[in-house]
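Work the whole structure out from these sequences, hints included.
Number of protein chains: 2
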Amino acid sequence: MFHLTKKLEYSLLAFSYMAQLLPESRWVTAKEISDHYQIPYEVVARCLQHLARAGVLHSWIGAQGGYRLKAGWEKKSLLELYEILEGPMNLVRCLDHDGDCSHVARCTLPVLMRPLNQKLKKFFQDLVLRDVLNLKEVINESKVTTPS
Amino acid sequence: MFHLTKKLEYSLLAFSYMAQLLPESRWVTAKEISDHYQIPYEVVARCLQHLARAGVLHSWIGAQGGYRLKAGWEKKSLLELYEILEGPMNLVRCLDHDGDCSHVARCTLPVLMRPLNQKLKKFFQDLVLRDVLNLKEVINESKVTTPS
DNA sequence: AAAAATTCCGACAAATTTTGTCGGGATTTG
DNA sequence: CAAATCCCGACAAAATTTGTCGGAATTTTT
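Chains as they are written, first to last, in my numbering: chain B, 1 to 148; chain X, 1001 to 1148.
In case anyone wonders, no lab produced these hints; they're calculated from the structure.
As the structure is a prediction and not an experimental result, all values here were calculated from the model.
Where a beta carbon is used, it is the ideal one built from N, C-alpha and C, also for glycine.
Incorrect hints may appear among the rest.
Short, incomplete list of chain X residues facing chain B, as computed with Cβ under 10 Å [to be verified]:
id, residue
1, S1016
2, L1021
3, L1022
4, I1039
5, V1043
6, E1074
7, L1078
8, F1124
The following block contains the structure:
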């Protein structure tokens, strides 16, 4: 129940990898990351795609293309990453459908869990990549948009 | 990844149920709880057994037996319940074996996750049943130890 | 213009974890 | 002694997560 999913693990590793190169900043391929950490290519690749679609990374298709951190990435919270990769964060399913438990009328879980869920989300909202990855400060992300 | 397990859900319902009866306090059977919430008997039953073994509930075997809240139950945290029911709370597996990832040397996850994990545990340690279940105060738990 | 490198996408297969079921034993009450 | 109950482990089923495959689209290189 409280294990990070591989999607999150791999995404964090990807961020970590890209952050390390930082003052440089270049296009990094999914393959490079998968090789470096020996994690399955297709899985990281999909994570990176989702993160790009969600606007946390730049992506560039084609030879010499890849991914690159997007300005402001270091302020993204674990909550945001979670919701990009896994959908809404809810302690109990019924909260997905706004407390419509439809299960037993007596089920008090949605009522009890709603405030708790808010707290949990707050907790992860306050954990931003900069802190999670232990970065002193993010030096500069060059505004390059084409590979070569 | 952040859905409560049924074990936890059912246990919370059980606590909720027993707390509602409170100034009374009597032996409540697993069957009674399973019937009330329409949840599978064997599963709640096992949760209650674990909670009893862990000292959060009293149990009494035999006809007219059952379970009963044990003094101090309302100060038990969700972390404690979690660890009773599910084992140690760790965001990543390698923390189970104290960061021995054995995976790739480069894997920075254990290092990054250890402090995060601490924070998460703290978070759940601070959530105690009294608050989670919204109890004003716990009136009294009679010290009865035998059913009749 | 063709080939190579890459992101993008969905369908599906495999592995793992969670959830539920069963059968039986032990203890207490009436 | 019978009934009610807790106790326990093994296993089956369901759900979820993880990984694989096949292919399409875009860009760069030759």
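Numbered hints the structure breaks, given as an ascending list: 2, 3, 5, 6
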